[in-house]
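Please model the complete structure; the sequences and the hints are all you need to start from.
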Amino acid sequence: MRATKRARGDPASATASHLLRAVSEAGGSLIDADVRDAHPLPGLGLFALRDLSAGDTLATIPGVCILSVEAALASVVGKAVTANLRVVCDAVLDSEAESGAIPQRAVLLLYLVACRHHRRELSPLPAAQVAYAKSLPAETGLPVTWSEHERRQLLAGTDLERKVAHTLAELQRQYDVLFPALTVMHPQLFPAEIFTRDAFVWAHTIISSRAFPHSCLSGGAASDDARDAAACGVLIPVLDIANHSPGGADMCVMLFFHALKHRQTENSSLPLLHTDGGIRTHVV
Amino acid sequence: MIMTRPVKQGAQIWSSYGAKSTCTWLLDYGFVLEGNEEHDCVAIRIAAILPDSSQKTRAQKMKLFAQLAEGKASLEVTLTHAAPLPDIMLEAATVCRLTAAEAAAYSTRTASVSASTRAAALAMLQQLLERRIAAIIAGVGHSEQLKAAQEQGSLAVSPQAMSAVYRAACVRLLRRAQAALLDVD
Numbered sequence: 601m602r603a604t605k606r607a608r609g610d611p612a613s614a615t616a617s618h619l620l621r622a623v624s625e626a627g628g629s630l631i632d633a634d635v636r637d638a639h640p641l642p643g644l645g646l647f648a649l650r651d652l653s654a655g656d657t658l659a660t661i662p663g664v665c666i667l668s669v670e671a672a673l674a675s676v677v678g679k680a681v682t683a684n685l686r687v688v689c690d691a692v693l694d695s696e697a698e699s700g701a702i703p704q705r706a707v708l709l710l711y712l713v714a715c716r717h718h719r720r721e722l723s724p725l726p727a728a729q730v731a732y733a734k735s736l737p738a739e740t741g742l743p744v745t746w747s748e749h750e751r752r753q754l755l756a757g758t759d760l761e762r763k764v765a766h767t768l769a770e771l772q773r774q775y776d777v778l779f780p781a782l783t784v785m786h787p788q789l790f791p792a793e794i795f796t797r798d799a800f801v802w803a804h805t806i807i808s809s810r811a812f813p814h815s816c817l818s819g820g821a822a823s824d825d826a827r828d829a830a831a832c833g834v835l836i837p838v839l840d841i842a843n844h845s846p847g848g849a850d851m852c853v854m855l856f857f858h859a860l861k862h863r864q865t866e867n868s869s870l871p872l873l874h875t876d877g878g879i880r881t882h883v884v
Numbered sequence: 013m014i015m016t017r018p019v020k021q022g023a024q025i026w027s028s029y030g031a032k033s034t035c036t037w038l039l040d041y042g043f044v045l046e047g048n049e050e051h052d053c054v055a056i057r058i059a060a061i062l063p064d065s066s067q068k069t070r071a072q073k074m075k076l077f078a079q080l081a082e083g084k085a086s087l088e089v090t091l092t093h094a095a096p097l098p099d100i101m102l103e104a105a106t107v108c109r110l111t112a113a114e115a116a117a118y119s120t121r122t123a124s125v126s127a128s129t130r131a132a133a134l135a136m137l138q139q140l141l142e143r144r145i146a147a148i149i150a151g152v153g154h155s156e157q158l159k160a161a162q163e164q165g166s167l168a169v170s171p172q173a174m175s176a177v178y179r180a181a182c183v184r185l186l187r188r189a190q191a192a193l194l195d196v197d
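Going down the list, the sequences are from chains A and B. Those letters in the first sequence? Residues 601 to 884, per our numbering, in order. Those letters in the second sequence? Residues 13 to 197, per our numbering, in order.
Calculated from the structure, these hints are not laboratory results. Even glycine gets a Cβ: it sits at the ideal position worked out from N, Cα and C. Among the hints, erroneous ones may be present.
Pairs of lysine to aspartate or glutamate residues, derived as EDC-like cross-links and limited to a Cα-Cα distance of at most 20 Å, are as follows [to be verified]:
#1 B:K75 x B:D99
#2 B:K20 x A:D656
#3 B:K32 x A:D656
#4 A:K763 x B:D195
#5 A:K763 x B:D99
#6 B:K20 x A:D634
So the derived label-pair ranges between C-beta atoms look like this [unchecked claim]:
#7 B:Q139 x A:H618: 56 to 66 Å
#8 B:A192 x A:R686: 46 to 56 Å
#9 A:E770 x B:V196: 34 to 44 Å
#10 B:A131 x A:R773: 24 to 34 Å
#11 B:G47 x A:R719: 42 to 52 Å
#12 B:D99 x A:R686: 45 to 55 Å
#13 A:A765 x B:Q139: 22 to 32 Å
#14 A:E770 x B:G83: 19 to 29 Å
#15 B:A85 x A:E739: 38 to 48 Å
#16 A:D798 x B:K20: 53 to 63 Å
#17 A:E739 x B:G47: 20 to 30 Å
#18 A:E748 x B:I61: 30 to 40 Å
See below:
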């Protein structure tokens, strides 16, 4: 059984090299493996540079490279959103969409868009996160990005028809609450030509298809905010390049979060993310 | 990132994103898998359609149906290959087709109903499944797309090809449910 994937489009090898360099400059490393075209699968993959044994360390990824809700909220993007949300948009950050609130996940979406289109003169964002966001594929192939015509013709009668419509409606609702209000308030931080509805949906597809569980950072903290954040997942550069094998994983992912600015002190004893045994949602 | 298995030089290193239905793979990840039947599921909605009932019988059936559907107008059940015919689905259809006398006496799924009521309930579900299958395969060029996707093998990457694989997975499960209906005594 093999994965059937739609093309991830770019990033090209040059972009991957830039990403690896940025991760390295942040103190991380990819050891005895490289990133290259996964042909015949579309997109990139991780490949062994030598015979690897069980127990070998393949990579270490510093926490400062990771895009999380906490990183988003602590950034100039997140601060602008949280400072102005109630005033500008008459909305609050909350996971209860029914109340008209904006989930924290939306701030992560905006942060991802900001990192992808980051220009140095605009605002200070972590270099490794910017390099990561810029390395991501422009197209993800998820049905929420299909044209309305494609969705109508290809999903009629299926469960997916309803789920895609629901997802798109919720993303549209969030976007309509946030924009153009944020652009009017912060035209330099949220330029209209960058923060489009399509860019917002693109960020959703990136998180949907590439995020690891947030529990690897939070350790399953119980506050409402933490639960909201937990629903988002975290984007971890390099690790998310590994393709899915339904037959079982070759690797167990253990992350050593040095220089993780946003880690909760009480969770500092939970530095590991474990994805062995086919579950990408497991803290050890 | 620690290796759990040996990998030869030059080989791709795989991760696992977990076990998910074809619907979830396509919705959240933008790809589909071959041979994913073990994890596939299809949601079915059964509406309370109560033909030829008197007002009193209607009220009795609605009450019974509401208990099953937790107060909602329709009951949503999830079919899987392991359980293609959930008991609650059979019971909901049976409630819809009870006679007046049966509705007055009916209390639980262990209640006995006539063979004709049972047959009517099974026929109702067969029609429901058939209509759902028809809606799914009515998508433009489904059979041609499926053939093309199968010819592309694991590299079916277009929306058309992925949709064809997904819809075929749905139809396989619905057909299994139909076959299970035929096995109900």
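Each hint tested on the structure:
{"no.": "1", "hint": "B:K75 x B:D99", "in the structure": "holds (18 Å)"}
{"no.": "2", "hint": "B:K20 x A:D656", "in the structure": "holds (13 Å)"}
{"no.": "3", "hint": "B:K32 x A:D656", "in the structure": "violated (29 Å)"}
{"no.": "4", "hint": "A:K763 x B:D195", "in the structure": "violated (32 Å)"}
{"no.": "5", "hint": "A:K763 x B:D99", "in the structure": "violated (25 Å)"}
{"no.": "6", "hint": "B:K20 x A:D634", "in the structure": "holds (13 Å)"}
{"no.": "7", "hint": "B:Q139 x A:H618: 56 to 66 Å", "in the structure": "holds (58 Å)"}
{"no.": "8", "hint": "B:A192 x A:R686: 46 to 56 Å", "in the structure": "holds (54 Å)"}
{"no.": "9", "hint": "A:E770 x B:V196: 34 to 44 Å", "in the structure": "holds (39 Å)"}
{"no.": "10", "hint": "B:A131 x A:R773: 24 to 34 Å", "in the structure": "violated (46 Å)"}
{"no.": "11", "hint": "B:G47 x A:R719: 42 to 52 Å", "in the structure": "holds (46 Å)"}
{"no.": "12", "hint": "B:D99 x A:R686: 45 to 55 Å", "in the structure": "holds (49 Å)"}
{"no.": "13", "hint": "A:A765 x B:Q139: 22 to 32 Å", "in the structure": "holds (25 Å)"}
{"no.": "14", "hint": "A:E770 x B:G83: 19 to 29 Å", "in the structure": "holds (24 Å)"}
{"no.": "15", "hint": "B:A85 x A:E739: 38 to 48 Å", "in the structure": "holds (40 Å)"}
{"no.": "16", "hint": "A:D798 x B:K20: 53 to 63 Å", "in the structure": "violated (42 Å)"}
{"no.": "17", "hint": "A:E739 x B:G47: 20 to 30 Å", "in the structure": "holds (26 Å)"}
{"no.": "18", "hint": "A:E748 x B:I61: 30 to 40 Å", "in the structure": "holds (31 Å)"}
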